[in-house]
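Sequence positions in the sequence shown follow full-length UniProt numbering and run 1 to 154.
Quick caveat, the hints were computed from the structure, so don't treat them as lab data.
Nothing here was measured: the structure is a model prediction, and the numbers come from that model.
Cβ-Cβ distance ranges computed for the label pairs, FRET-style:
#1 R49 to K140: 21 to 29 Å
#2 I120 to T61: 35 to 43 Å
#3 R147 to H113: 15 to 23 Å
#4 G50 to E131: 24 to 32 Å
Every residue, glycine too, gets a C-beta built ideally from N, C-alpha and C.
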Amino acid sequence: MGLRRGERGCEDAQQDRQPLVHLFGDLICLNIGQDPHPAEDANYVDWHRGGPKAAWRPPDTITIQYGMTEADTLCSLAHEFGHFSHGDHCGHSPRAEARADRYAAHILIDPHHYRQAEEIFGPDPRRLAAELGVTVHLIKVWRTLTRKRDHPPS
1 MGLRRGERGC EDAQQDRQPL VHLFGDLICL NIGQDPHPAE DANYVDWHRG
51 GPKAAWRPPD TITIQYGMTE ADTLCSLAHE FGHFSHGDHC GHSPRAEARA
101 DRYAAHILID PHHYRQAEEI FGPDPRRLAA ELGVTVHLIK VWRTLTRKRD
151 HPPS
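Using the sequences plus the hints, can you model the full thing?
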């Protein structure tokens with residue numbers, strides 16, 4: 001199933017988004033060591049050289065830059081998928097960018113795995129990012145999210 005613009009989960013989906021959702025799922029599978037099934041033939045994800053790491057091109061395309069690391073590719077795709085799932089338009093605001101970062105951190109970083117990695121490797125964001133297969137930026141976003149949850153403003 002695919003997502004309707006503005007939805008946060010995979011339920012109640014439209015068929016026209018299915019290829020994008022499947023490709024994203026394939027990249028998640030690669031990140032956790034599973035063998036994905038191919039889904040690139042739908043052309044909802046395009047690859048480009050130069051320019052931004054990734055971009056959301058409404059209504060139905062995410063572009064990803066060739067040659068990035070696996071962590072950069074996965075995190076960039078998750079970020080752009082956040083724009084897709086929230087129905088963002090081109091020319092994203094700082095608020096939409098932060099929301100897409102939070103979306104990516106939420107779906108790519110498992111709290112249990114994060115805690116295990118921090119117990120083993122300590123608090124260094126570079127070590128944690130390498131262990132969890134994400135970017136240092138996403139580790140910092142994750143920490144901000146969990147800090148706000150653990151210590152709400154009074």
